[in-house]
Amino acid sequence: MRLPESQVAVLDVLSAADERTVATVVEETGLKPETVTGAAFDLRDEELVAVSEAERVDHHLTAEGEQYLTEGLPEVRLYRAAAGDEAFPIGDATDVAGLSGQAVQIALSNFARKGYGVVDAGAVDPDPDADPGADPEAAALAAVADGETEGVAAKTLDRLAERGLLARDESTVRSLVLTDDGVTAVTEGVEAAETADRLTPEMLTTGEWRDVEFAAYDVEADAPAVEGGRVHILRQTAERVKEVLVGMGFDEMQGPHADAEFWINDCLFMPQDHPARTHWDQFALDVPPMDGLPADLVDRVAAAHREGIGPDGNGYHSPWTEDVAREVDLRGHTTSLSMRHLSGHAVGELAPPQRFFSVEKVYRNDTLDPTHLLEFFQIEGWVMADSLSVRDLMGTFEEFYRQFGITDIEFKPHYNPYTEPSFELFGQHPETGDLIEIGNSGLFRDEVLRPLGVECDVMAWGLALERLLMLTYGFDDIRDVHGTLCDLDLLRETEVLY
Amino acid sequence: MPVVEVDPDELRRLTGHGEKSDEELKTDLFALGLEYEGETEDGEMQLEFGPDRLDRLSVEGVARSLRYQYGDDRGVYVPKTNDPDWTIEVAETVPPERPYVTGAVVRGVNLDEAALDSLIQLQEKLHATMGRGRAKAAIGIHDLTMLKGRALADDAPAGPGHRITYRGVAPDGDRFVPLDSDAELTPAGVLDDHPTGETYADLLRGLERYPAIYDEIGLFSFPPVINGRRTEVSTASRDLLIELTGTDQWTIDRMCTVICYALDARGATIEEVDVAYMDGAEPPAEGAQLRRPDLDVEAKHVTHDRVETILGVSLDEAEVVDLFERSGLGVTVDDGLYRAEIPPYRVDVLHQLDLIDDVGRAYGFNDLTPRYPDVATVGERHEGSRLESVVRTQLVGLGFEDLLNFHMTNAPNCLDRMRVAAGSDVLGGGQPVEIVEPYSEDYTILRTWALPSLVTVLSNNTHRSYPQDLAEIGLTARRDDETPTGVGESRHVAAVLARTDASYEDAKARLTALVADLGADLATPPVEHPSFLEGRVAAVEIDGERAGVVGELHPAVLVDHDLELPVAAFEFDLDALR
Numbered sequence: 005m006r007l008p009e010s011q012v013a014v015l016d017v018l019s020a021a022d023e024r025t026v027a028t029v030v031e032e033t034g035l036k037p038e039t040v041t042g043a044a045f046d047l048r049d050e051e052l053v054a055v056s057e058a059e060r061v062d063h064h065l066t067a068e069g070e071q072y073l074t075e076g077l078p079e080v081r082l083y084r085a086a087a088g089d090e091a092f093p094i095g096d097a098t099d100v101a102g103l104s105g106q107a108v109q110i111a112l113s114n115f116a117r118k119g120y121g122v123v124d125a126g127a128v129d130p131d132p133d134a135d136p137g138a139d140p141e142a143a144a145l146a147a148v149a150d151g152e153t154e155g156v157a158a159k160t161l162d163r164l165a166e167r168g169l170l171a172r173d174e175s176t177v178r179s180l181v182l183t184d185d186g187v188t189a190v191t192e193g194v195e196a197a198e199t200a201d202r203l204t205p206e207m208l209t210t211g212e213w214r215d216v217e218f219a220a221y222d223v224e225a226d227a228p229a230v231e232g233g234r235v236h237i238l239r240q241t242a243e244r245v246k247e248v249l250v251g252m253g254f255d256e257m258q259g260p261h262a263d264a265e266f267w268i269n270d271c272l273f274m275p276q277d278h279p280a281r282t283h284w285d286q287f288a289l290d291v292p293p294m295d296g297l298p299a300d301l302v303d304r305v306a307a308a309h310r311e312g313i314g315p316d317g318n319g320y321h322s323p324w325t326e327d328v329a330r331e332v333d334l335r336g337h338t339t340s341l342s343m344r345h346l347s348g349h350a351v352g353e354l355a356p357p358q359r360f361f362s363v364e365k366v367y368r369n370d371t372l373d374p375t376h377l378l379e380f381f382q383i384e385g386w387v388m389a390d391s392l393s394v395r396d397l398m399g400t401f402e403e404f405y406r407q408f409g410i411t412d413i414e415f416k417p418h419y420n421p422y423t424e425p426s427f428e429l430f431g432q433h434p435e436t437g438d439l440i441e442i443g444n445s446g447l448f449r450d451e452v453l454r455p456l457g458v459e460c461d462v463m464a465w466g467l468a469l470e471r472l473l474m475l476t477y478g479f480d481d482i483r484d485v486h487g488t489l490c491d492l493d494l495l496r497e498t499e500v501l502y
Numbered sequence: 017m018p019v020v021e022v023d024p025d026e027l028r029r030l031t032g033h034g035e036k037s038d039e040e041l042k043t044d045l046f047a048l049g050l051e052y053e054g055e056t057e058d059g060e061m062q063l064e065f066g067p068d069r070l071d072r073l074s075v076e077g078v079a080r081s082l083r084y085q086y087g088d089d090r091g092v093y094v095p096k097t098n099d100p101d102w103t104i105e106v107a108e109t110v111p112p113e114r115p116y117v118t119g120a121v122v123r124g125v126n127l128d129e130a131a132l133d134s135l136i137q138l139q140e141k142l143h144a145t146m147g148r149g150r151a152k153a154a155i156g157i158h159d160l161t162m163l164k165g166r167a168l169a170d171d172a173p174a175g176p177g178h179r180i181t182y183r184g185v186a187p188d189g190d191r192f193v194p195l196d197s198d199a200e201l202t203p204a205g206v207l208d209d210h211p212t213g214e215t216y217a218d219l220l221r222g223l224e225r226y227p228a229i230y231d232e233i234g235l236f237s238f239p240p241v242i243n244g245r246r247t248e249v250s251t252a253s254r255d256l257l258i259e260l261t262g263t264d265q266w267t268i269d270r271m272c273t274v275i276c277y278a279l280d281a282r283g284a285t286i287e288e289v290d291v292a293y294m295d296g297a298e299p300p301a302e303g304a305q306l307r308r309p310d311l312d313v314e315a316k317h318v319t320h321d322r323v324e325t326i327l328g329v330s331l332d333e334a335e336v337v338d339l340f341e342r343s344g345l346g347v348t349v350d351d352g353l354y355r356a357e358i359p360p361y362r363v364d365v366l367h368q369l370d371l372i373d374d375v376g377r378a379y380g381f382n383d384l385t386p387r388y389p390d391v392a393t394v395g396e397r398h399e400g401s402r403l404e405s406v407v408r409t410q411l412v413g414l415g416f417e418d419l420l421n422f423h424m425t426n427a428p429n430c431l432d433r434m435r436v437a438a439g440s441d442v443l444g445g446g447q448p449v450e451i452v453e454p455y456s457e458d459y460t461i462l463r464t465w466a467l468p469s470l471v472t473v474l475s476n477n478t479h480r481s482y483p484q485d486l487a488e489i490g491l492t493a494r495r496d497d498e499t500p501t502g503v504g505e506s507r508h509v510a511a512v513l514a515r516t517d518a519s520y521e522d523a524k525a526r527l528t529a530l531v532a533d534l535g536a537d538l539a540t541p542p543v544e545h546p547s548f549l550e551g552r553v554a555a556v557e558i559d560g561e562r563a564g565v566v567g568e569l570h571p572a573v574l575v576d577h578d579l580e581l582p583v584a585a586f587e588f589d590l591d592a593l594r
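Protein sequences appear in the order of chains A and B.
Residue numbers for the first sequence follow my numbering, beginning at 5 and rising by one.
Residue numbers for the second sequence follow my numbering, beginning at 17 and rising by one.
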C-alpha cells in the first residue's frame, strides 16, 4: 500500500493496543500538529485508524495570577502585616504590606470572606487562629503554575477564575489507535508516497509529478482579496445600450460638447425667449460667438421661427437674432448632434432610410440631488424614413425597452417645441412595479426638418442613461458612482449585469 | 412645466359630470396629457402638463377640454360679445420698451371665492408662462365700477363712450396707492418700497418713463408691476376691466382671450373694447384701431392622407371629422382636404402637425397598436467610440478600475493643487474654458486634463483598501481659436497607481503595454512637469508625436491631497492611438 509520507509516519508509531494522543504522535514523528491531525482523519477515512475525541480543559494563570504567585495573595499579605495588632489601620496597609490602590480593596474583601479577621471602622482586627499559610487558593495558584490541577478542588479553581487569576482553555484531545485493517496494512507493509506542496516546473519537465502525492489544501479556507479592474458600471450600461441599438440598425453619432446655440436650440425650433434657454438652465461659455454658421441654413431656421413652415404655418411671436444663435454653450441635449447630422453638416447629406444614435454627456444647470447631476448621459436616437407613423415610434421604443426588461410602455401625449406628436414614455419599474417616466419622444416638426433640408419623416427620442442604470441596478443616489465623490468600494463590489 | 391646481368638485360641476370619481378624473386627465402630481392641503388636484395648452391653466379650461373629450361639446365655440363702451387710448408717451396694450370688459361675473381664486391662479400662471415672468406680457384686472372714464389725453379724438389712457409716467411722477399698501407712492417708490415692486423692479430699471394706465381720476394701473388699490377686485365685483400690456400684440391678445373664455365659462358677458393707438405712438401700431378681445377663428389645412400616415391607421372621413370636433376644432372636408377652424384660445397650433396631434389625442394614442417599422438599416459604432471602448478594455485588463468624473471642475482642483499654471506649456496647462454665471464655485471651468479628477478620487477614498489603480478616458477642453466653437475638445486617457511601492517604472510598464496593444510606438524622453517629481517624469511620445506625460507625482501634490503613499501616473491624448 502506498500512502502519503505523513500518513505512513503516523501509522508507524501507532499500535492496536494503546491509544496515542495527537500530541504524542507529534512528539514521536516530528511532524506539525495540523499535519498529524490531517493524516489521522485521512487514515480514519481509509478505515485504517480509529480516532476518539475527549474534551480537555487546560488551566493557566493570568498576569494577575502570576503576580500573586510570586508576591502572595493580597489578603494573606494583609494578614501577615496586621498580625498581632488588634486594630491595624487600613491606611497602613500600603506601607506595611506593600499593597496599593485596588489591591487594598481586593485584600480587604477576601480577608473578610476567608475569616482572617474583622474589618471595622477603618481598621483590621486579625483572628489569631486563622492560618493563611494553609490558604487553599494560594496552594491552587502554585498547582496551576505547575500544571498539576488534578488534586485541586473544582470549587477553588472556580473561585480563582472568578477572581480573574485563572484562565481556562478548552480543547479536543484526539487519540489514535490502529483498526484491524490498519494492523493488516502495517503488517503487509506500507510505503511512503512522496508528497509535494507545490507543482514545480522541474516536476513537469522531469516527469517527477507522476510519483508525487500533492498535499491537500484546506480548499474551504478564505483566499486573499483580489481587486481586479472593471469597467465603470455606467460605462457598462452605455456599452449595453450601444450594443442593443447597433443591433437594431442604428449608426453612432459623435460631435462637440461645446456648441453654438444654433445647433443646440435654434435648429430645434426652440424660441429664443424660451425659459429653458436662460443661464438658469444651460451653461454658457466665455468664448467668442461662433463664426461660420452655414448662412443659408441660418436664414431658413430664422424664417421658420419668424414665419413658420407651409402656406398656413405660423412662427413664434418671439424675437430671433443670429447673435443669440452664435453664442457657445455646453450642450443641454445631444439633439445638437442629430441636428448636425440631419443638416448634412456632420457626415454628408443623408437619404432615407437612416437610423442614428448617441450615448453622450449633456450638461444642465439643474439642482444637484440624488437623481440629478449637472452632467449626465443622454441616450439619443432617431429614425429617418419616407413615411413614419406614431405606431412605428411606439414599436421601436417597445423593442428597445424590452431589451432592458421594461414592458407595458404607456405613451402620455406631451408637448415639446421640436416634436409633434410628442410623448412622454412611462414604463413599469421592473422591481417595484411603479409607473415611471423613462423617456421623451416624438416626430420632429416640419419647422425643424424643412430648414435642415429634410423632406421625409424623422422620429426621435431621448432618455437619461442614469435612469436606466438606476432602474437596472436599483441605485438610489447617482452621486455614489459618478464624479469625484464616488465610493471605490461600491464600484468594486457592484454586481456585474449582462 | 406648468402645474395647475384644480378643485375636483369644481371640475365635476363645470364639466357636468358629478358622477366621475377622482380616480376616473385622473385617468381622463392623463389621456389629455395632464399628469396628477399630488394634492394641496385644501384637497385640490395638482396637475402638471406641457406648456402648450395655456388655455388649461384654470379649472374652467380643464373642464372645457374634458367636455370635448367626453363628446359633450363639439366644434369651435366663440363667446358672444357686446359692442364696446370703453376705449383704451395709447398715448405717444408710452415707453417704447413696452408699446402694446389690449383689453376687454367682462360684465355680470359671479365671483365666489373659488372663482376668484381660479382667476388669480390663471393670471399668475399666464404671467409665468406666456408672459415670461411679466417681461413679455402683464395682466391687470380691475373692478370696472371704480373707474371713471373721461378721456385724458389732450390730443384724443372726441367720441362717445368711456376712455382710459395707456401712457408713460416719470419714475417720480404721479402718486397712487398700490395693492397691499396704505401709502401713496410714486412708481419709483413702489419699486423701492413695495414687496411686489421689488420683485419686478428689474423689468423697468433704466427706463426713462414707466408704463401706466390712467382714468379720469388718475393712475390706477402700473404695469407690469402692480395695480392701484382703488380698482381692486373682490368677490363683490360684478363688472371687470381686463387690460394687458407687453412687448408683443399677439401674445397679449391671446392671453386676454384665454381669460375671457374662462370668465365666459362662468356665465359672464364679454364686452369689446377699442384700442386706439394715437398718431405718434410707437410703430408698428401707430394710428391702428383695434377691436378687442380678438376672438377671430383661424383656419389651417391638412390632408386625409397625412392624418393617416402620421397615426398609422386607416380612417374614414366622417371619423376624422368627429375627432376634429371632439378636439374643439371646427372642420369642413373637401376631397380629402380638411379645413380646420382653430378657436382663438389655442396658442399652440402653428402647423398642420398640431392638428393631427389633436386628432390623435381624441382618437387615443394608447389605443394605437405599436408596430416595428418596416425600415431596413445597418448599424455601426462610431470609430472614435470603438477606439475608446477598446482602450478601456485594455486598461481594465491591466488591472485599472475604470472611473467616470465630471468634465466641469474648478481652477484650484484642476490647476493650483496640481502646481500647474494656466497658459503654461505642459499637459493640463491650456487656457481653461470658463462657465459664465456658474452654478457654484465647484464648477467654474471645463477640465484641462483628467489626472486631477483621479487624484481627487484617491483623496476621497483614503479609507479604502490599497492598491488603488484607477483610470479614466474622458473629455478635456481648452480655449482654442482654431476650433470653430473656440473650444478645443479632446479625450484623454489618464491613470494613477497608488500603492506603497508605486514607482515610475510601474506606470511606464502599463503605459508600454497599452500602447503596444494598439500597435503604436512609445518613447519617453525626459521632460519637466510641475505635478511630477523632477527626474522621474517623461513625455509620452506615441508614434513620434508628443501626446502626454508619465511619472511619479510630486510629494507636494500628494501631501496637498492628504495622500500618504506614492502615486505613479500617466495621461495622454486618446487620438494619439488612432
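Hints were generated in silico from the structure; no laboratory data involved.
Ideal placement from N, C-alpha and C gives every residue a C-beta, glycine not left out.
A portion of the hints provided could be inaccurate.
What the hints assert, rightly or not - Partial list, computed: chain A residues near chain B (C-beta under 7 Å):
1) 50
2) 158
3) 256
4) 277
5) 278
6) 296
7) 299
8) 301
9) 316
10) 317
11) 488
12) 492
13) 494
14) 498
15) 501
Stated by the list, open to error - Listed below are the simulated SDA-like cross-link pairs for lysine to any residue, each with C-alpha atoms no more than 25 Å apart in a straight line:
16) A:118 <-> A:141
17) A:365 <-> B:42
18) A:365 <-> B:398
19) B:42 <-> A:439
20) A:36 <-> A:189
21) B:42 <-> A:428
22) B:42 <-> A:105
23) A:159 <-> A:179
24) A:365 <-> B:188
Does residue 439 of chain A sit within 25 Å of residue 42 of chain B, going by the straight-line distance between their CA atoms? Holds, at roughly 14 Å.
For this session: Answer holds if the nearest beta-carbon of chain B is closer than 7 Å to that of residue 256 of chain A; otherwise answer violated.
Result: This interface hint holds because 4 Å falls under the 7 Å limit.
Exercise. Under the criterion of a CB-CB separation shorter than 7 Å, is residue 278 of chain A in contact with chain B as hinted?
Worked result: Constraint on residue 278 of chain A not satisfied, violated at 9 Å.
Go through the hint on residue 50 of chain A and say holds or violated, using the shortest Cβ distance to chain B against 7 Å.
Hint on residue 50 of chain A: violated, closest Cβ of chain B at ~43 Å, above 7 Å.
- Message: Just to be careful, I want the Cα atoms of residue 42 of chain B and residue 428 of chain A compared with a cutoff of 25 Å; is the pair within it?
- Response: holds, 17 Å
### Query
Going by Cβ atoms only, is residue 492 of chain A closer than 7 Å to chain B?
holds, 5 Å
CA of residue 118 of chain A to CA of residue 141 of chain A, is that 25 Å or under? holds, 10 Å
Restraint status (C-alpha distance of residue 365 of chain A to residue 398 of chain B at most 25 Å): holds, 16 Å
* Asked: Minimum Cβ distance from residue 299 of chain A to chain B below 7 Å?
  -> violated, 14 Å
Quiz item: If you take the shortest Cβ to Cβ gap from residue 296 of chain A to chain B, is it below 7 Å?
Solution: holds, 6 Å
> Was the hint right that residue 488 of chain A lines chain B, CB cutoff 7 Å?
Replying inline: Status holds, d = 4 Å.
task: With chain B as the partner, please determine if residue 316 of chain A meets the hint condition of a C-beta pair closer than 7 Å.
output: Holds, about 5 Å.
The structure fails to meet hints 1, 2, 5, 7, 8, 13, 14, 15, 17, 22, 23 and 24 from the earlier list, while all remaining hints are met.
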